[in-house]
Amino acid sequence: GENVEQHPSTLSVQEGDSAVIKCTYSDSASNYFPWYKQELGKRPQLIIDIRSNVGEKKDQRIAVTLNKTAKHFSLHITETQPEDSAVYFCAASKEGAQKLVFGQGTRLTINP
Amino acid sequence: GAVVSQHPSWVICKSGTSVKIECRSLDFQATTMFWYRQFPKQSLMLMATSNEGSKATYEQGVEKDKFLINHASLTLSTLTVTSAHPEDSSFYICSVPLGSQETQYFGPGTRLLVL
Chain V
1 GENVEQHPST
11 LSVQEGDSAV
21 IKCTYSDSAS
31 NYFPWYKQEL
41 GKRPQLIIDI
51 RSNVGEKKDQ
61 RIAVTLNKTA
71 KHFSLHITET
81 QPEDSAVYFC
91 AASKEGAQKL
101 VFGQGTRLTI
111 NP
Chain B
113 GAVVSQHPSW
123 VICKSGTSVK
133 IECRSLDFQA
143 TTMFWYRQFP
153 KQSLMLMATS
163 NEGSKATYEQ
173 GVEKDKFLIN
183 HASLTLSTLT
193 VTSAHPEDSS
203 FYICSVPLGS
213 QETQYFGPGT
223 RLLVL
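Keeping their order, the protein sequence lines are chains V and B. Take the first sequence: its position 28, counting from 1, is numbered 28 in the numbering used here, and each next residue is one higher. In the numbering used here, each number is its position in the second sequence, counted from 1, plus 112.
Hints may contain errors.
[Stated by the list, open to error] In silico DSS-like cross-links for lysine-lysine, where the CA-CA straight-line distance does not exceed 25 angstroms:
(1) K94(V) to K167(B)
(2) K126(B) to K99(V)
(3) K153(B) to K99(V)
(4) K153(B) to K22(V)
[To be verified] If the Cβ cut is set under 10 angstroms, some of the chain B residues that face chain V in the computed set are:
(5) F140
(6) Q150
(7) L156
(8) Q172
(9) E214
(10) Q216
(11) G221
If you're looking for bench data, these hints aren't it; they were derived computationally from the structure. Don't be surprised by glycine CBs; every beta carbon is placed ideally from N, CA and C.
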């Protein structure tokens, strides 16, 4: 089955700097890759997603890149702000299967 | 606003009792819902896929007789943790795909503490 690896497990950056979180997946049939942000005790919130027919997608300060050949995708947050502090999860799924396989999560801390 | 609700938000129970958790999709119908479990500082692990009108599909290692799933309508799935034990204490979250798309929305979660 699918296996998703996420790095780093923790990341600390200065406010205003950029943060990058990387994930790799094992199943070449996976074609949908969402990123979720989870604050302590809350539900995961979808922040951006990308499908395999696209190499990059951007939404304001957040961008995701996908390299199908290498089977990895990354989340980029620019101009980080304290409210970006949270745990971020990447995930992967196959068309039609819908069920998501999650990475281990990255605890992002933005230092003022 | 939220598209998925979950009830209760938290529950404390004695060891050996059963606990039922409800997941509802709001404003749309869902033939499929997913149940995840999340232990402290860990990732979300898929437990089972709830299928409206048919049996749930369980992930490897998840006991179907312990975690009973019922998807009786297009807007409601329930997860019953039977004979709960302290090791079942966790954060249980459901998710619902929006239509035929892969995009999934999560419920607010249910925090279960078994004493």
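The hints, checked one at a time:
no. : hint              : result
1   : K94(V) to K167(B) : 21 angstroms, holds
2   : K126(B) to K99(V) : 32 angstroms, violated
3   : K153(B) to K99(V) : 21 angstroms, holds
4   : K153(B) to K22(V) : 19 angstroms, holds
5   : F140              : 15 angstroms, violated
6   : Q150              : 9 angstroms, holds
7   : L156              : 5 angstroms, holds
8   : Q172              : 8 angstroms, holds
9   : E214              : 4 angstroms, holds
10  : Q216              : 6 angstroms, holds
11  : G221              : 6 angstroms, holds
Checked against the numbered hints given earlier, this structure breaks hints 2 and 5; the rest are met.
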